[in-house]
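Given chain A's structure and the hints, the job is docking chain B onto it.
Sequence lines, in order, name chains A and B.
Start counting the first sequence at 1; every next residue gets the next number (my numbering).
Start counting the second sequence at 1001; every next residue gets the next number (my numbering).
Simulated from the structure, these hints should not be mistaken for lab results.
Mixed in with the good hints there might be a few duds.
Taking lysine to any residue and the SDA-like style, the derived pairs with C-alpha atoms no more than 20 Å apart in a straight line are [claimed, not checked]:
no., chain 1, residue 1, chain 2, residue 2
1, B, Lys1116, A, Ile280
2, B, Lys1264, A, Ser202
3, B, Lys1180, A, Ala9
4, B, Lys1116, A, Ile225
5, A, Lys4, B, Arg1175
6, B, Lys1116, A, Ile30
7, B, Lys1264, A, Ile30
8, B, Lys1180, A, Arg11
9, B, Lys1010, A, Leu97
10, B, Lys1116, A, Ile285
11, B, Lys1264, A, Asp99
12, B, Lys1106, A, Asn276
13, B, Lys1106, A, Asp99
14, A, Lys288, B, Val1103
15, B, Lys1116, A, Tyr270
16, B, Lys1106, A, Asn289
17, B, Lys1106, A, Leu97
18, B, Lys1010, A, Gly106
19, B, Lys1106, A, Arg11
20, B, Lys1264, A, Gln105
21, B, Lys1116, A, Asn276
Taking CB as the label site, the calculated pair distances span [stated by the list, open to error]:
no., chain 1, residue 1, chain 2, residue 2, range
22, B, Lys1222, A, Gln74, 32 to 42 Å
23, A, Gly56, B, Ala1221, 33 to 43 Å
24, A, Gly45, B, Ala1221, 24 to 34 Å
Note that the structure is predicted; figures quoted are calculated from it, not measured.
Just so you know, even glycine gets a beta-carbon here, dropped at the ideal spot from N, CA and C.
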Amino acid sequence: MATKASRSAARIMMAPAVVLLLGWMLVPLILTLWFSFTKYLPMRGDSIERGLDWVGFDNYARFLSSSAFWPSVQTTLVMVGGVLIITLVFGILLAMLLDQPIWGQGIVRILVIAPFFVMPTVSALVWKNMMMDPVNGIFSHLWRFFGAEPIAWLQDASLTSIIMIASWQWLPFATLILLTAIQSLDSEQLEAAEIDGASPLSRFFYIVLPHLGRAITIVTLIQTIFLLSIFAEIFVTTGGAFGTRTLTFLIFQRVIDSQNIGLGSAGGVYAIILANIVAIFLMRIVGKNLD
Amino acid sequence: MARMTSTRRKIITTAVAWAIGLVIFFPIFWTILTSFKTEAQAINDPPLFFNFDWTLENYISVQERSDYLRFLWNSVAIAGGSTLLGTLIAIPAAWSMAFVPSVRTKDILLWMLSTKMLPAVGVLYPISLIFVQFNLLDTKLGLIVVLMLINLPIIVWMLYTYFREIPGEILEAARMDGAKLRQELFYVLTPMAIPGIASTLLLNFILAWNEAFWTLNLTAAKAAPLTAFIASYSSPEGLFFAKLSAASTMAIAPILILGWFSQKQLVRGLTFGAVK
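Isolated chain A (complex conformation) (with noise of 0.2 Å):
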């Protein structure tokens, strides 16, 4: 049983994280909150020191009816989407694989696996010149050996080429949790099932997939967070450009590009209520785990 000297000495423990995390998590997000209600061009000479002119909620009023906001709506669920479903379907398929006696797996797990390592700004640049360059491109290379006129990827199918990107670097992810998942799955079962004749598919669908569905949701939720907030994939690539503006990537260029804060923020307080409705979910499946 802990004692009372050992509580307080907990407390005073946890306090420089706590209140680290507090105050990185107020600071910013109280001044964003007060930025939103105000108008706030620092090019035009507008100054936190000279005092802001509150608009009260002129900017998220202006934010949703600017010509950019829905396309990059669209945009922002395509590209969570296209990974998303690219993702969990070729996670599970390669979990399933990579889960059966195969000679070498260690290092076909390594193969795989190592993309998620390779920073955002390398696999983007990469995939851009190396792979989908339009003249030099390996794929411009197989799309001419077999006959067809190479795709100017990054131009012509741009959000596709992003989603391809942020596919390959997600792909590792999770596949791994799934493998993990998998690898808890009881064999007996599986074999039980394929001896009173159950088909390999109704055993995936009866058996496999419903062991599966914790980890399936937690990979989503997850991966939702991250991509929701992607950057240096678009940055370096199409620079928003070709219709690959996500949310992000707009709010972004509002702050940084046109230099209007107060509309800026208004977006990011959008984006900050967006991701904090996927978290909810997630918190209460990590939540139920701790008990």
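Okay, now just chain B, sitting in the frame of chain A:
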């Protein structure tokens, strides 16, 4: 009969798994290979696989043209500094939550996690303002602090899950023998916790090394780490495939090697213990 089919099945699954593994790994392999070609060979049609004259000239010219080693040092300092600092702050917090849990421990852990979910772009301008105010823009110190704060929730969580696996009876036994809190911490707990701490350091070093929002937005020339250095290749001048490959290879090689050791921790660290 059964053994025959199972051997045959193993051959097929092995072949399929290797083929998929190689396809997934191909962009990395191709980058490493291209880094040893000349610029002309790098864009040769058809692509050259092993039949070219291997050269190290790209590595030399990347270093000469852009002082690669300075960016490398910045990456090491920022990733290493933020990880060490974060771990020093997280160890006492995780220790107390694991061994002296209170009714609020769970809420505090979840709240910490929730700070990790804040979209960075939402607070980009306030953070830049604060950086300007404290002269932290384009400094290693500024990035060390920011990356430490970003990864602190993950560090606390990972350490917490590791510490919880240490049996509490051992601590009680030490206490019975008259160990003080500090002795308990240093002589009993720390040795048992070292594997967990090492794994935590490893994964968070990787995460900090690869972080590419704050490192791109808060640095210019002086403190830019490798993520920002590589981003400078996004507007190419002339032939640059081989040099891009050399720079990329140098930026990812150390982490790929570290990453192979951290596979297991990856699942634990990034799912917050929800998948084991």
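Right, here's what the structure says about each hint:
1. Lys1116(B) - Ile280(A): Answer holds: Lys1116(B) to Ile280(A) is near 12 Å, not above 20 Å.
2. Lys1264(B) - Ser202(A): Given pair Lys1264(B), Ser202(A) is violated - Cα atoms ~31 Å apart, limit 20 Å.
3. Lys1180(B) - Ala9(A): holds (12 Å)
4. Lys1116(B) - Ile225(A): holds (10 Å)
5. Lys4(A) - Arg1175(B): The given pair, whose Cα atoms are some 15 Å apart, holds under the 20 Å limit.
6. Lys1116(B) - Ile30(A): holds (17 Å)
7. Lys1264(B) - Ile30(A): The hint is violated at about 38 Å.
8. Lys1180(B) - Arg11(A): Since the Cα atoms of Lys1180(B) and Arg11(A) sit roughly 17 Å apart, the hinted pair holds (cutoff 20 Å).
9. Lys1010(B) - Leu97(A): holds (11 Å)
10. Lys1116(B) - Ile285(A): holds (16 Å)
11. Lys1264(B) - Asp99(A): The hint holds at about 15 Å.
12. Lys1106(B) - Asn276(A): holds (18 Å)
13. Lys1106(B) - Asp99(A): violated (34 Å)
14. Lys288(A) - Val1103(B): holds (15 Å)
15. Lys1116(B) - Tyr270(A): holds (17 Å)
16. Lys1106(B) - Asn289(A): holds (10 Å)
17. Lys1106(B) - Leu97(A): Between Lys1106(B) and Leu97(A) the Cα gap is close to 37 Å, so the pair fails against 20 Å, i.e. violated.
18. Lys1010(B) - Gly106(A): holds (15 Å)
19. Lys1106(B) - Arg11(A): Holds, at about 14 Å.
20. Lys1264(B) - Gln105(A): Distance of about 15 Å is within 20 Å: holds.
21. Lys1116(B) - Asn276(A): Satisfied, since the Cα-Cα distance of roughly 11 Å is no more than 20 Å.
22. Lys1222(B) - Gln74(A): 32 to 42 Å: Once the Cβ atoms are compared, 39 Å apart, the range 32 to 42 Å for Gln74(A) and Lys1222(B) holds.
23. Gly56(A) - Ala1221(B): 33 to 43 Å: Holds, since Gly56(A) and Ala1221(B) (Cβ atoms, about 41 Å apart) stay within the stated range.
24. Gly45(A) - Ala1221(B): 24 to 34 Å: Given range 24 to 34 Å: holds, Cβ gap about 28 Å.
Hint compliance for this structure: hints 2, 7, 13, 17 are not met, and every other hint is.
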